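Novice: One letter stands for each residue in the lines below.
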Amino acid sequence: MSAPLTFQETVLALKKYWSDRGCIIQEPYDVEVGAGTMAPETFLRVLGPSPYKVAYVQPSRRPADGRYGENPNRLYKHQQLQVILKPAPADVIDLYLGSLQAIGIDLSKHDIKFEEDNWEAPTLGAWGIGWQVMLDGLEISQFTYFQQCGGFDLDLIPAELTYGLERIVAFLQNVDSVYDIVWAPGFLYSDVRLKDEQQFSKYNFELADVGMLWQLFDLHEKECQRLTKLSGVVLPAYDQVLKCSHIFNLLDSRGAISVTERVGVIGRVRRLALGVADAWMVEIGAKKEAAA
Amino acid sequence: MSLPFLLEIGTEEIPDWMIVPALNNLQDMFQVLLDQQVLGGRVTSVDATPRRLVLRADGLLERQADVEELVLGPATRAGGGAAAGFAKKMGTTPDQLGTEGTAKGEYFAFKKRTQGQPTVAILARELPNLILKIQWPKTMVWNGKGTERFIRPVRWLVALLGDEVVPFEIGGVQSGNTTRGHRVLGKASIPVTIASFSQKLRANGVILSATERRDRIESGISVRVKPDPDLLHTLTYITEFPTPILGSFDRSYLDLPQEVLVTVMRHHQKYLSVEDADGKLAPHFIAVMNTESDPDGLVRQGNEKVLRARFNDARFFWNQDQKKALAARLEDLKSVTFQAKLGSYYDKTLRVVELVKQLGGSERAALLCKCDLTTDMVKEFTDLQGIVGGLYARAQGEPEDVARAIYDHYKPLSMEDEIPSTHAGRILSLADKWDTLTECLKVGMTPTGSRDPFGLRRAAQGVVRIIVEGKIKNAPPLEGEFLRDRVEYYFRDVRGFAYDEVRACMAAGWTDLLDLEARLKRVKEVRATPDFEPIAASFKRIKNILKQAQFADSTFQAELLEPGPEMELHAAILGTQGQPLEARIGPLRPKVDLFFDKVLVNADDPSIRRNRLALLHNLLQEFSDVADFSEIVTERQS
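Chains as they are written, first to last, in my numbering: chain X, 4 to 295; chain P, 142 to 779.
Keep in mind the hints are simulated off the structure, nothing from the lab. If you're wondering where the values come from, they're calculated on a predicted model, not measured in any experiment. Be aware that one or more of the hints could be misleading.
Footprint (simulated), chain P over chain X, 3 or more residues, beta carbon under 8 Å [stated by the list, open to error]:
{"no.": "1", "segment": "67 to 78"}
{"no.": "2", "segment": "114 to 121"}
{"no.": "3", "segment": "138 to 148"}
{"no.": "4", "segment": "173 to 185"}
Sample of chain P residues facing chain X (criterion: CB under 10 Å; computed from the structure) [as the list claims (entries may be wrong)]:
{"no.": "5", "residue": "280"}
{"no.": "6", "residue": "281"}
{"no.": "7", "residue": "286"}
{"no.": "8", "residue": "328"}
{"no.": "9", "residue": "332"}
{"no.": "10", "residue": "336"}
{"no.": "11", "residue": "429"}
{"no.": "12", "residue": "436"}
{"no.": "13", "residue": "437"}
{"no.": "14", "residue": "457"}
{"no.": "15", "residue": "478"}
Ideal Cβ placement from N, Cα and C applies to all residues, glycine included.
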């Protein structure tokens with residue numbers, strides 16, 4: 004058996020694989036997001052009748068999941084490889100299995116199962132039907148047929164394939180801690196990212212200024228509402244939604260959101276997201292008029 | 142000539158728990174189709190794997206029989222013009238018409254022949270609809286907005302009548318005679334005949350029969366496993382070619398509570414737990430692969446590694462959680478939502494403590510029972526709520542009865558599950574469920590149909606079972622239609638009392654369940670005695686008479702009684718007063734019968750009539766604290 008791929012070789016192999024199958028290879032979105040789904044390349048592109056195929060690595064920030072770099076499997080920021088195939092081709096599962104072979108997984112020597120796992124993101128007005136993909140008992144991917152996004156029934160049904168890169172590579176390299184992953188020859192995951200985890204865990208849990216965060220939330224919300232009413236600035240408006248969403252997550256990890264507030268704040272983010280999706284549908288000509 | 146039929150609906154992986162009901166549904170609908178279209182034949186088997194639903198039938202006709210029916214036209218006296226019109230309507234000429242004599246006179250008539258259609262044409266026309274009508278808990282679209290819905294995308298269809306393909310299409314997929322094998326072990330395109338179907342699948346890594354798959358799992362296990370039929374069912378239906386493998390974990394993890402280990406293995410990894418000869422958890426597990434073998438041991442190593450990481454997490458959570466005692470977590474419950482309209486778990490805790498105090502349970506247990514919701518262990522393994530609280534309480538030196546009560550307080554989780562084992566546990570579980578139930582109903586969250594997001598039916602069932610089976614004497618009184626239904630269900634379907642006995646006894650009150658249970662037992666017993674049915678029938682009659690007369694007055698004058706049956710009945714009532722129901726029925730029955738035989742209730746004299754009604758009314762009242770006997774269904778009425 005050949006030596007397992009490094010972290011970056013795995014990323015490159017997946018990008019190459021999907022590029023060869025007609026995907027645009029995008030770079031990560033440069034605003035903080037909690038998952039690859041939230042990047043506009045997914046959230047907005049799945050709307051409307053135009054086909055689209057794209058793949059990108061999305062560093063995904065989940066402040067509450069941080070463990071100061073001390074837990075071998077939990078990260079404040081992990082790397083997702085996100086693939087959107089819109090519409091999903093009939094052989095989409097075979098394509099997916101092919102991508103596993105491309106990163107050195109010999110399917111004849113492993114056990115692969117598709118286990119029911121439907122996906123729902125209430126703040127994005129989005130849900131889908133699908134599976135978690137299990138490789139030898141490890142969840143390595145989420146596979147979802149989107150049904151709704153931004154509150155709209157989708158015209159074309161995209162398949163979203165999400166690869167948890169750290170998990171997959173730790174598995175292939177047979178290491179017990181993500182920090183022991185070989186990122187590049189001579190460099191471990193810990194060399195590249197440990198400081199990141201330590202410092203942001205400290206900030207997210209202990210130091211983030213709650214008062215300031217609430218102010219920022221209000222400001223970004225107002226900006227989003229202002230932009231949504233204008234024409235031709237849906238993308239900047241959506242950035243404001245992402246800002247609000249990330250600030251909400253920060254406030255949450257600071258334990259600053261009470262029960263009563265929580266539902267309300269989620270509702271505020273959701274309203275912004277639905278408003279932006281609506282404006283996007285109008286802008287791409289998939290819908291005649293904006294919602295009142 | 143009769144033909145065999147085979148249908149295979151090829152899909153992407155269907156959730157295991159939906160498969161069997163869908164197969165039954167498919168079988169029923171297909172049999173109805175055969176019967177309605179008079180195609181002959183019976184469904185002989187249905188089978189499924191996660192990727193295919195398969196139905197076989199046999200004895201189908203090649204085509205429907207021709208049907209001849211006699212259609213009556215206008216009366217012959219209407220003449221030739223009418224006949225010509227009728228012939229035209231029948232698509233024929235007047236000389237082909239006959240006549241038919243009926244009781245009303247003679248009519249033109251035509252023997253209409255309808256040619257039977259070929260079965261293959263009927264199936265081709267009906268199958269797409271039939272397949273798309275299979276009922277699923279949740280469906281999806283895959284071809285775009287407004288297109289056909291199914292549980293998962295349909296990717297291939299095999300439909301054969303004898304050697305012939307039944308041609309139809311669903312969502313762009315054309316039926317044919319080509320199936321697909323196992324994703325890894327089989328070929329992607331395999332031509333089949335009805336006779337070769339199972340064998341070809343088998344050769345391509347698919348065991349079609351669920352029974353065979355289950356046998357393969359069971360016969361491949363050589364160690365003693367904790368019996369788990371539900372998990373075995375799941376494993377049978379998430380695989381096309383199941384093979385069990387034995388994995389191991391380090392003995393040191395056995396220090397963790399068994400509940401945690403089993404939950405991780407069962408719920409998160411779908412592993413069967415292994416026991417040693419004494420029934421204690423052994424440091425092994427059984428994983429079931431969806432493939433034939435593990436040539437390099439990679440699958441076993443992979444699963445062991447995943448489990449190790451999970452167990453490490455659990456150990457980390459355990460140690461982390463001990464840094465803050467349960468009691469110190471009470472304040473944290475203020476930020477855990479119970480329900481948006483009902484506030485936090487802190488609010489709920491205070492209510493439950495109050496209720497437990499009234500019921501004479503353990504207030505300490507009530508105070509701590511929800512505190513495990515803030516622990517990392519429960520956040521990760523939500524199924525372990527309560528159990529973790531109980532384990533932590535014990536580890537933190539809380540008294541054993543407190544720990545046990547917390548541990549058990551979600552019980553019973555199902556009809557089969559036991560109620561909590563201790564009195565304190567029962568009181569706590571009762572108070573917790575009672576609070577959930579009453580508070581949710583108060584804000585209008587009554588379950589409707591299959592929607593019961595807060596599990597109120599289960600909570601109500603738990604309340605009923607704990608009160609009755611736990612003999613809780615000072616339980617809060619039950620009321621309201623929702624609970625009434627649960628009580629009725631429990632005594633009827635769980636305890637097996639006859640439905641009319643349950644109705645009769647509940648009509649006499651059901652707020653005190655122990656009292657209700659006692660009355661039900663008495664009624665059930667007395668019902669077997671010979672005098673019971675006749676007197677119950679009489680009671681029904683009395684009730685009808687009173688209802689018709691709209692009479693509900695108990696004032697009664699003994700001096701208005703006529704000698705004979707009327708007085709005798711009155712005497713029998715007085716003579717047996719104060720005695721239990723069981724003793725009164727014998728003496729009363731002949732007197733009631735005689736009364737109805739000889740006495741006219743609707744007497745001409747209004748005051749006599751009133752008085753007789755009052756006598757009957759009072760008689761009914763005498764028994765009304767046990768049951769409303771008019772609800773009992775008797776032979777005599779039917």
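Novice: Hint by hint, say whether it matches the structure.
Specialist: Hint check:
Given a C-beta distance limit of less than 8 Å, the hint that chain P covers the segment 67 to 78 of chain X holds, as 3 residues qualify and 3 suffice. Interface restraint, the segment 114 to 121 of chain X with chain P: holds (7 residues with C-beta to C-beta distance below 8 Å; minimum three). Three residues within the 8 Å Cβ limit are the bar, and the segment 138 to 148 of chain X against chain P gives 5, so the coverage statement holds. Counting residues of the segment 173 to 185 of chain X whose C-beta lies closer than 8 Å to any C-beta of chain P gives 3; at least three are required, and the coverage claim holds.
Because the beta carbon of residue 280 of chain P sits about 8 Å from the nearest beta carbon in chain X, less than 10 Å, this interface hint is met. The closest approach between the C-beta of residue 281 of chain P and any C-beta of chain X is roughly 4 Å, which is under the 10 Å cut-off, so the hint is satisfied. Nearest Cβ of chain X to the Cβ of residue 286 of chain P: about 5 Å, under the 10 Å cut. The hint holds. Interface hint at residue 328 of chain P: violated, since its Cβ lies 13 Å from the closest Cβ of chain X, which is beyond the 10 Å cut-off.
Because the beta carbon of residue 332 of chain P sits about 19 Å from the nearest beta carbon in chain X, more than 10 Å, this interface hint is broken. Using the Cβ-Cβ criterion of 10 Å, the hint placing residue 336 of chain P at the interface with chain X is not satisfied: the shortest such distance is roughly 29 Å. The closest approach between the C-beta of residue 429 of chain P and any C-beta of chain X is roughly 9 Å, which is under the 10 Å cut-off, so the hint is satisfied. Look at residue 436 of chain P: its Cβ gets to within about 6 Å of chain X, closer than 10 Å, so that hint holds up.
Residue-level restraint check for residue 437 of chain P holds (minimum Cβ-Cβ distance to chain X is 5 Å; threshold 10 Å). Below 10 Å, beta-carbon pairs count as interface contacts, and residue 457 of chain P has one with chain X at about 7 Å; its hint therefore holds. Below 10 Å, beta-carbon pairs count as interface contacts, and residue 478 of chain P has one with chain X at about 5 Å; its hint therefore holds.
Checked against the numbered hints listed earlier, the structure breaks hints 8, 9 and 10; every other hint is satisfied.
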